[in-house]
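Enquirer: Chain residues, written in single-letter form:
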Amino acid sequence: MVIVQQDDFDAARLQAQLRGRHAAGAIVTFTGYVRDYAQDAATRSLFLEHYPGMCEREIEAICAAAGARWQVLESLVVHRVGELRHKEQIVFVAVASAHRGDAFRACEYIIDALKTRAPFWKRENLADGDSFWVSQHQADADKTAQWGDDPAGAGCGPAAVPAEAAGSAAAVPGQAARPKTAISRNAASQAATSQTEETSS
Amino acid sequence: MVIVQQDDFDAARLQAQLRGRHAAGAIVTFTGYVRDYAQDAATRSLFLEHYPGMCEREIEAICAAAGARWQVLESLVVHRVGELRHKEQIVFVAVASAHRGDAFRACEYIIDALKTRAPFWKRENLADGDSFWVSQHQADADKTAQWGDDPAGAGCGPAAVPAEAAGSAAAVPGQAARPKTAISRNAASQAATSQTEETSS
Amino acid sequence: MNGAAIKVLYFAQVAELTGTRQESWPLPHSVSGADWLCQLEARYPQLAPVSRLRLAVNQRHVAHQASIQAGDEVAVFEPVTGG
Amino acid sequence: MNGAAIKVLYFAQVAELTGTRQESWPLPHSVSGADWLCQLEARYPQLAPVSRLRLAVNQRHVAHQASIQAGDEVAVFEPVTGG
Chain U
1 MVIVQQDDFD AARLQAQLRG RHAAGAIVTF TGYVRDYAQD AATRSLFLEH YPGMCEREIE
61 AICAAAGARW QVLESLVVHR VGELRHKEQI VFVAVASAHR GDAFRACEYI IDALKTRAPF
121 WKRENLADGD SFWVSQHQAD ADKTAQWGDD PAGAGCGPAA VPAEAAGSAA AVPGQAARPK
181 TAISRNAASQ AATSQTEETS S
Chain C
1 MVIVQQDDFD AARLQAQLRG RHAAGAIVTF TGYVRDYAQD AATRSLFLEH YPGMCEREIE
61 AICAAAGARW QVLESLVVHR VGELRHKEQI VFVAVASAHR GDAFRACEYI IDALKTRAPF
121 WKRENLADGD SFWVSQHQAD ADKTAQWGDD PAGAGCGPAA VPAEAAGSAA AVPGQAARPK
181 TAISRNAASQ AATSQTEETS S
Chain F
1 MNGAAIKVLY FAQVAELTGT RQESWPLPHS VSGADWLCQL EARYPQLAPV SRLRLAVNQR
61 HVAHQASIQA GDEVAVFEPV TGG
Chain R
1 MNGAAIKVLY FAQVAELTGT RQESWPLPHS VSGADWLCQL EARYPQLAPV SRLRLAVNQR
61 HVAHQASIQA GDEVAVFEPV TGG
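Protein chains in written order, with full-length UniProt numbering: chain U, 1 to 201; chain C, 1 to 201; chain F, 1 to 83; chain R, 1 to 83.
Only chain U is shown next, with the shape it has when bound in the complex:
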């Protein structure tokens, strides 16, 4: 199940439902929180923009890939969009399995792949009023490549391959080590669209 929504979520209720649907021996969960993204300034809030429709489809494809690779009874992903304050929950991934190793592997795969494939973009609003679009970390692309997957869009350029095919994340010079991109002070308002989408798989 994949849920993209503005509202906060109740991870315990979601895990209880997951457990109720299966006689799973193991459930592994990952929860991501709003933290300080800039190294030198405090984060006041994040704005999460997404591409409705494609977002859910990409995450469902990621969960299906995890289920094809490991023994998974069910995967659940909840991702929030819109304005999120410091320390709020952003994303929750839960995987139920008969085998804990498979649950750990699948859960980590899903969050790693989500970070390089699911069309979300974070804008960080600093306590001092500055606003930045967070740039993709090379480390995230590298982590995805370690699973044998090609990070989404890494294949731009002449030697490129479709995102579903195997490939290397190293194909894009200039993507490395850009921790954040300054756009302009308070230039962010026009991009603010927060939609709530809920899809099941």
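What the hints contain is simulated information worked out from the structure, not anything from laboratory work.
Hints should not be assumed to be uniformly reliable.
A partial selection of chain U residues facing chain F, derived with a Cβ cut-off under 7 Å [stated by the list, open to error]: (1) Ile3; (2) Glu49; (3) Tyr51; (4) Gly53; (5) Met54; (6) Ile111; (7) Trp121; (8) Trp133.
Selected chain U positions facing chain F (in silico; Cβ < 10 Å) [stated by the list, open to error]: (9) Phe9; (10) Arg13; (11) Ser135.
No residue lacks a Cβ here, since even glycine has one placed at the ideal position from N, Cα and C.
Starting from the known structure of chain U, fit chains C, F and R onto it as the hints suggest.
Expert: Showing chains C, F and R alone in chain U's frame:
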């Protein structure tokens, strides 16, 4: 923090407390449930016996080892003892970290090490009235050995080393492939001691 | 060929730079993603360099050599940063 | 040497087989774990083979060649099965 108790636990409340204590970017949790341990019979309940004192000390040592190896803000382990029904929660491990990879690694290490080092013993009560002490799975000892640790007590025999030292789990012939050991029908009552211990670290 | 077009979606910083989130783009004949990105840069020089931008066609990630055809939904965005 | 002893704890199936969970065991001089397990098997033949059993001394896992001394708390058990 390590808690060994008979009562059920509220994983959500524990995770919320963990999150409140740290500006963690990531929390990874593992929850283990009572499942069917015998291949050919339904599990009615489990009885979990433990060694009070040593149990908490071993788990705390495991958490400390995880903290020395990965970037961990805090680890939390709750393990239940006593009579547990089918599908109930047995164990909860939560790890808070700034880095999700470290959180995944530390959480899996802790549950793997717990399964081969923490002095708990499971007796399975089958729906048909039979009762068995569950035997350690060779797979669990193997998983612990993969982390570079020696499973507890694997070092019995002349080539043995202390459990804290590096070594191989393969040193004990005859431990492999004993999925369960029949003791006797309903012979379990005299071993039934269920204590509640709560320790903080 | 008259009326042949693609639907273009802009997200996040790309939407800020173009000043719009969606538009119809005439496309008389199919082109590669790379060639279309050149057209895009000609219209919105502020997007340069476009080689860093990612494309999705009909809600799937595609490489820059993928073909874009009339009727496609084409999305343009910076590398994603969810999770 | 008079009164020199260890405190022995039995758990789970071992406690069922010995019929007790705790006892004092005279130990006039220190022995290896393996030698002490031989004494244990002599007293409780139903525990055989004792080579499979694990020992903890003063609440720490030890190998069978570890030394056991008067005053120690010695625990005997099958491989653990928690989690």
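Enquirer: Please go over all the hints and tell whether each is borne out by the structure.
Expert: Comparing the hints with the structure gives:
Because the smallest distance between the Cβ of Ile3 (chain U) and any Cβ of chain F comes to about 14 Å, over 7 Å, the interface hint for this residue is violated. At about 5 Å, the closest approach between the beta carbon of Glu49 (chain U) and any beta carbon in chain F falls short of 7 Å, and the interface hint on this residue holds. The restraint placing Tyr51 (chain U) at the interface with chain F holds, with a minimum CB-CB distance near 6 Å, inside the 7 Å limit. A least Cβ separation of about 6 Å between Gly53 (chain U) and chain F falls short of the 7 Å threshold, and the interface hint therefore holds.
Taking 7 Å as the C-beta cut-off, the interface hint given for Met54 (chain U) holds, the closest approach to chain F being about 4 Å. Interface restraint check for Ile111 (chain U): the shortest CB-CB distance to chain F comes to about 6 Å, inside 7 Å, so the restraint holds. About 4 Å separates the beta-carbon of Trp121 (chain U) from the nearest beta-carbon of chain F, less than 7 Å, and the hint is met. With a cut of 7 Å, the hint placing Trp133 (chain U) at the interface with chain F holds, because the nearest CB-to-CB distance is about 5 Å.
A hinted interface residue such as Phe9 (chain U) counts as satisfied when its beta carbon comes closer than 10 Å to some beta carbon of chain F; here the least separation is about 15 Å, so the hint is violated. Interface hint status for Arg13 (chain U): violated, as the beta-carbon distance to the closest one in chain F is roughly 22 Å, over 10 Å. The criterion of a C-beta within 10 Å of any C-beta in chain F is met by Ser135 (chain U), whose closest approach is roughly 7 Å, and the hint holds.
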